[in-house]
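Engineer: Single-letter residue listing:
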Amino acid sequence: MPQLDFSTFPPQLVWLFITFAVLYGLMAAVALPRVGGAIAARREKIDGDIDKAGALKAESEAVLVAYERALAEARASAQSVLKETTERLAAAAAERQKVLTDKLTAETAAAEKRIADAKNAALANLKSVAAEVARSAVGKLAGENLDEATIGTAIDRALAERG
Amino acid sequence: MAVSKENPLNQFLIDRIVPIHIGGVDASFTNSALLMIIAAGLITLLIVGATWRAALVPGRLQSISEMLYEFIAKMIDDNVGHEGLRYFPFIFTLFMFILFGNLLGMIPYSFTFTSHIIVTFGMSIVIFVGVTFIGLWRHGLHFLKLFVPHGVPIGLLAVVVPIEVLSYFIRPMTLSIRLFANMMAGHTMLAIFAGFVAPLGAFYLVPGLLPIALDVALIFLELLVAVLQAYVFAILTTLYLAEAIHLH
Numbered sequence: 001m002p003q004l005d006f007s008t009f010p011p012q013l014v015w016l017f018i019t020f021a022v023l024y025g026l027m028a029a030v031a032l033p034r035v036g037g038a039i040a041a042r043r044e045k046i047d048g049d050i051d052k053a054g055a056l057k058a059e060s061e062a063v064l065v066a067y068e069r070a071l072a073e074a075r076a077s078a079q080s081v082l083k084e085t086t087e088r089l090a091a092a093a094a095e096r097q098k099v100l101t102d103k104l105t106a107e108t109a110a111a112e113k114r115i116a117d118a119k120n121a122a123l124a125n126l127k128s129v130a131a132e133v134a135r136s137a138v139g140k141l142a143g144e145n146l147d148e149a150t151i152g153t154a155i156d157r158a159l160a161e162r163g
Numbered sequence: 164m165a166v167s168k169e170n171p172l173n174q175f176l177i178d179r180i181v182p183i184h185i186g187g188v189d190a191s192f193t194n195s196a197l198l199m200i201i202a203a204g205l206i207t208l209l210i211v212g213a214t215w216r217a218a219l220v221p222g223r224l225q226s227i228s229e230m231l232y233e234f235i236a237k238m239i240d241d242n243v244g245h246e247g248l249r250y251f252p253f254i255f256t257l258f259m260f261i262l263f264g265n266l267l268g269m270i271p272y273s274f275t276f277t278s279h280i281i282v283t284f285g286m287s288i289v290i291f292v293g294v295t296f297i298g299l300w301r302h303g304l305h306f307l308k309l310f311v312p313h314g315v316p317i318g319l320l321a322v323v324v325p326i327e328v329l330s331y332f333i334r335p336m337t338l339s340i341r342l343f344a345n346m347m348a349g350h351t352m353l354a355i356f357a358g359f360v361a362p363l364g365a366f367y368l369v370p371g372l373l374p375i376a377l378d379v380a381l382i383f384l385e386l387l388v389a390v391l392q393a394y395v396f397a398i399l400t401t402l403y404l405a406e407a408i409h410l411h
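Protein sequence lines, in the order shown, are assigned to chains U and S.
So the first sequence is numbered by the working numbering: it starts at 1 and just counts up by one.
So the second sequence is numbered by the working numbering: it starts at 164 and just counts up by one.
These aren't lab readings, by the way, just hints derived from the structure by calculation.
Watch out, some of these pointers could steer you wrong.
[Claimed, not checked] Computed, partial: chain U to chain S, Cβ under 10 angstroms:
(1) L4
(2) S7
(3) T8
(4) P11
(5) L13
(6) L23
(7) L26
(8) A29
(9) R34
(10) G36
(11) G37
(12) R42
(13) A94
(14) Q97
No residue lacks a Cβ here, since even glycine has one placed at the ideal position from N, Cα and C.
Please work from the sequences and hints to get the whole structure.
Structural biologist: Listed below in structure tokens is the structure:
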């Protein structure tokens, strides 16, 4: 078995030591720091990007919250303006209606009074005209003059009978 | 019956390409050394070349390098924790060196330097001595508690402690023989079946194809073994390190 040829041991060990030592030196000093550096740089970049994305997300969420609060405030103020305006308009309408109603009531009352006055005047005229007609008719038909009181009483009675 | 004129073990012969002797020590440049240099060169090319212009979005080679890096880093982090990361370059180099040694050996007519017990033992003994020193340096004589498991009745300690001591001190043997034997057995088997091809094919075509089919299947198995044994060597080293640092 060639593996047990002791004369081959020294050269194999010598070259094993040389090649392994050189390779170890290269790996430890040059190669592995490069690979590790590349991996670390990538991880750093990814972590940085994730952090940046998180910050941007938080910022956009804050903007959204502010927007929603402004929207809610605007909505509330619009609501209050609407309510106030409605109340004001309702009050004004009620006021005007009351004024109008009072005016109409007053006018109605005045008109009714006028009508009643006219009616009374007409009735009074009617009585004196009736009395005159009655007296002249009695004078011409019966040839006698009736005194005013009698005629008046008769007319009153006749008017009362007719309502 | 001789199935082949060529001995299946001849593939493990050490060939002194350039004989060198320094102060009575044979430091000849051999086929083993050549493959070691090719392995180290390819690893350097892969890792350094891939990150020559390290990109944020990695290319193919950079992805391979990063996956290997994170694979070994995670293995150490899981088993040893953060204290273990200072030994990361060593374990990474160890894993890559064995992995490339095993895989380069799969190329026909090349040489598998990990199929030699002296190479695997050389690595194991350095690991064993190093890990023992790390343990003694960190814990002093408390490190000897490693041989006294918790919760064992006093009476049993007389039996358990020698077993623990023995299992600790045969580690360089088990670690090196596992890798060496796996590589040697696989390559010997490939050569033996390859040796059947010509004698059987000399009579009929079909029987000659059978050992070829078997060798094709075995090559896939050997590729798996090549990767697996490199991983086993690296993870056992990591576990020994974890033990030295944490004492169980």
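Engineer: So, for every hint listed, does it hold in this structure?
Structural biologist: Checked hints:
no.	hint	verdict
1	L4	holds (8 angstroms)
2	S7	holds (7 angstroms)
3	T8	holds (4 angstroms)
4	P11	holds (4 angstroms)
5	L13	holds (5 angstroms)
6	L23	holds (4 angstroms)
7	L26	holds (5 angstroms)
8	A29	holds (9 angstroms)
9	R34	holds (4 angstroms)
10	G36	holds (7 angstroms)
11	G37	holds (7 angstroms)
12	R42	holds (6 angstroms)
13	A94	violated (77 angstroms)
14	Q97	violated (80 angstroms)
When the structure is compared with the earlier hints, violations turn up for hints 13 and 14 and for no others.
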